[in-house]
Each structure stands twice: as structure tokens, then as C-alpha cells.
Amino acid sequence: DAKTTQPPSMDCAEGRAANLPCNHSTISGNEYVYWYRQIHSQGPQYIIHGLKNNETNEMASLIITEDRKSSTLILPHATLRDTAVYYCIAHAGGTSYGKLTFGQGTILTVHP
Amino acid sequence: GAVVSQHPSRVICKSGTSVKIECRSLDFQATTMFWYRQFPKQSLMLMATSNEGSKATYEQGVEKDKFLINHASLTLSTLTVTSAHPEDSSFYICSACTATNEKLFFGSGTQLSVL
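Protein chains in written order, with my numbering: chain V, 1 to 112; chain F, 1 to 115.
Quick caveat, the hints were computed from the structure, so don't treat them as lab data. Keep in mind that the hints are not guaranteed to be accurate.
[Said to hold, decoys possible] As a list, the in silico EDC-like pairs of lysine to aspartate or glutamate whose alpha-carbon atoms are at most 16 Å apart:
1. V:LYS99 - V:ASP82
2. F:LYS103 - V:GLU55
3. F:LYS66 - F:ASP88
4. F:LYS64 - F:ASP88
5. F:LYS103 - V:ASP67
6. V:LYS69 - V:ASP1
7. V:LYS99 - F:ASP88
8. V:LYS3 - V:GLU31
9. V:LYS69 - V:GLU14
Next comes chain F alone, as it looks inside the complex (with noise of 0.2 Å):
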């Protein structure tokens, strides 16, 4: 089946820092990703669409410039948390799917931990 890969699993980084995390689907081609985030014992809350080739689309309440995203090709999103502060602590998690497949897959997620 269609694999989903994100990386790195876990992260912990100085706050202030910049963290990049990856998001690849490995035997298909993503035209559209989405980023979603996930606190302790809490549900997934999306944070935005990627779109290859043009800008990511936001959810409200999304700060655009503290969360960049970039889509350069079919099979490559990465999200980058920028100047990380222990509030942005957090399990990442990134999404793919073909604009023919109904199955959404999704990576393995990555846990960021700011100090």
C-alpha cells in the first residue's frame, strides 16, 4: 500500500531555534498534503494544506509565518517551525493523498520538544 514517510520521529531543539520536519510519499504522487498537530491526549487539529507547486492554505488561528510550508514536488512537503518556543511542544503530523485515491495516508509523526 501507498507509505507515507516523515522525519525525523523526534526532535528536541533550544528554544529560538528553527526545526525543519519532512513529509514524503514514497510510492505515489502527492498533488496535495496536510499538516496537522496534535497535543498531549488531545485529537488531530489540522493546521494547513499544501498544495504542490503554490502556496499553503491555513487553517484560522495558524500563524503562516511561524509555520512554513513548503511543497516544491509531487512527492516532498516539509513544515518548518521557526523560532520554536516550548508552546509549539508538540506531535506532528503530516497527511497525503492523490486527487483519484480516497485513502488518506499519513506519516508516522514527529515529536517536537522545545526546552
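Bound conformation, chain V alone (with noise of 0.2 Å):
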């Protein structure tokens, strides 16, 4: 996996958008650009991934720059239930999908 760089924490207020970036400026061009959350004490939770295109999903928006070097995740709505560890991870799926690498993540604090 491409090695990838967040902030180490976002704070946000509710009900305002979430933007969380992620630096990935070594991505090869078969590694998708996942996103995943943590919730304390929780399994990680699948937000969105994509390639090269933008992707929206019921639970957030994923732009990723024309270069592919870098994106965001944007949670357009942030509630306090969205508080929690964001991994940005770049991998090329396929078989071997599971074997994912995260890093230290964002933590995102999302405040009334």
C-alpha cells in the first residue's frame, strides 16, 4: 500500500461539513483510494472508495485530485455520532483486499 498522510485530528461543528484530507502523492495507478472509520471501541466501518472519478455514497462525498496525489472525504453534514478515527488507505484491492494498512488516521471531533 502507498503510504498516506492525514492530520492527526479535525475538530468540526455539528450540523457544518467535515473535510478530511489525505496525502497519498506515491499512489499507483491500481491502488484505489479507500476510506474507513473507527468508532471507539468498534470495528472499523467502510465509508467510500474510488479510483479517479469523485464518489458520492449515502454516508459522505470522496474527491480525489486529477493527479491522484491527494483527497478528501467529505462528511457534508457532521453529527456528534461522527466522531471518530478516520484511515485514509490506498491499496489495489483484489485478492489480496483484507490485507489493508492503516495508519494513525484523523481523529475527528465533532462538537455541538
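Hints given; two lone chains; assemble the complex.
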């Protein structure tokens, strides 16, 4: 997996958009960008993934720069329950899909 | 959506005893399951890859004789921590995916405390 760099922590006001950046300047052409989050004392939860196009689902949006060297996860209307550690992972998928390399992630704190 | 069930959620045991943790894929067949370990305030570290019907593949530094993994069916993998010691106290998390599914599903984790 390509190395990813994320800020260690971020704050966000409830109801506002949370924009979580991730740098993956050495990402390979066949590596997807995955985002997972982990709420305290729980297993990680899949959020979204993409290769080069922007993606949106019911949880979040993923914006990937044209050169694919960085991306941003957007939670459009953050709630208190979105407080978690967010992990950005660059991974090729396939049969080795589950061998994800988790970094330190970004601790997102959503406050009232 | 797909669900991975992990049991027990919390276990406290005496040093020297063995503990078994179960990981089940409830609504899909998981040909491959993964076991992670997470120490307090640290990130997840992959311990081993469990393939149905074959021996598990362990990551470097993980003792295969201490962490026994069995994946006897397409819906169940077990991790047994043998002769547990206080340094084995950690949060153990399993995950599962299918060959055609790009999403990896995680169990809710097991907090192991060895006294």
C-alpha cells in the first residue's frame, strides 16, 4: 500500500461539513483510495472508495485530485455520532484486499 | 448490508489460559478472513490472513503457535490465543471479504484483558 498522510486531529461543528484531507503522493495507478472510520471500541466501518473519479454515497463524498496525489473525504452535515478516527488507505484491492495498512488516521471531533 | 459477527466482545482471563474468539460472516461466504490487533491509542495491525480450508498466513513477528487460526468453513474463522499473558491484552478485530466484493467488513472487536 502506498503511504498516506493525514492530519492527526480535526474539529468540526455539528451540522457543518467536515473535510478530511489525505495525501498519497506515491499512489500507484492500480491503487484505490479507501476511507474507513473507527468509532471508539468498535471495528472499522467502510465509508467510501474511489480510483480517480469523485464518488458519493449516503455517508460521504470523496474528491480525488486529477493527479491522484491527494483526496478529501467530505461529511456534508457532521453529527456528534461522526466523531471517530478516520483512516485513508491506498490499496490495490483484489485478492489481497483485506491486507489493509492502517496509518494513525485523523481523529475527528464533532462538537455541538 | 453484509455483517460480520465477532464473539465475545469482551473477555477477561487469567495468565496462562487460552481464549478463543469467533468471527462469523452472517449473510455471505467469506473465502478469506483477516485478523487484526490494536493496542490502546494505536492503529490496527494485521496479524494473519485466514483462508478457508488451508493454513493461515501470518505477518512477520506474529507467533503462529501462540495465535492459532482455524477457518474450517466459509462463514467461520476462529482465533485462539494460547497461554495468554498480560502483554497479549489488546483489542482483536476480524474482517472478511468475498472474492467479488470490494468492501471489507469488520467485526465489532474483542477486548482481551489478561490478568
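Hints, verified against the model:
For a cut-off of 16 Å, the pair hint linking LYS99 (chain V) to ASP82 (chain V) is broken: about 25 Å separates their Cα positions. For the suggested pair LYS103 (chain F) and GLU55 (chain V), the alpha carbons sit about 15 Å apart, so the restraint of at most 16 Å is met. Annotation: proposed proximity of LYS66 (chain F) to ASP88 (chain F) holds, straight-line Cα distance about 10 Å (limit 16 Å). At most 16 Å may separate the alpha-carbon atoms for a hinted pair to count; LYS64 (chain F) and ASP88 (chain F) meet this at roughly 14 Å.
Between LYS103 (chain F) and ASP67 (chain V) the CA atoms are separated by roughly 24 Å; this puts the pair beyond 16 Å, and the hint is violated. Among the hinted pairs, LYS69 (chain V) with ASP1 (chain V) is consistent with the structure: their alpha-carbon atoms are about 14 Å apart, no more than 16 Å. For the given pair, LYS99 (chain V) sits about 21 Å from ASP88 (chain F) by alpha-carbon distance, which is inconsistent with the 16 Å threshold. For the proposed pair LYS3 (chain V) and GLU31 (chain V), the alpha carbon gap of about 11 Å is at most 16 Å, so the pair holds.
Between LYS69 (chain V) and GLU14 (chain V) the alpha-carbon distance is near 29 Å, which puts this suggested pair outside the 16 Å criterion.
Consistency note: the structure conflicts with the earlier hints numbered 1, 5, 7 and 9.
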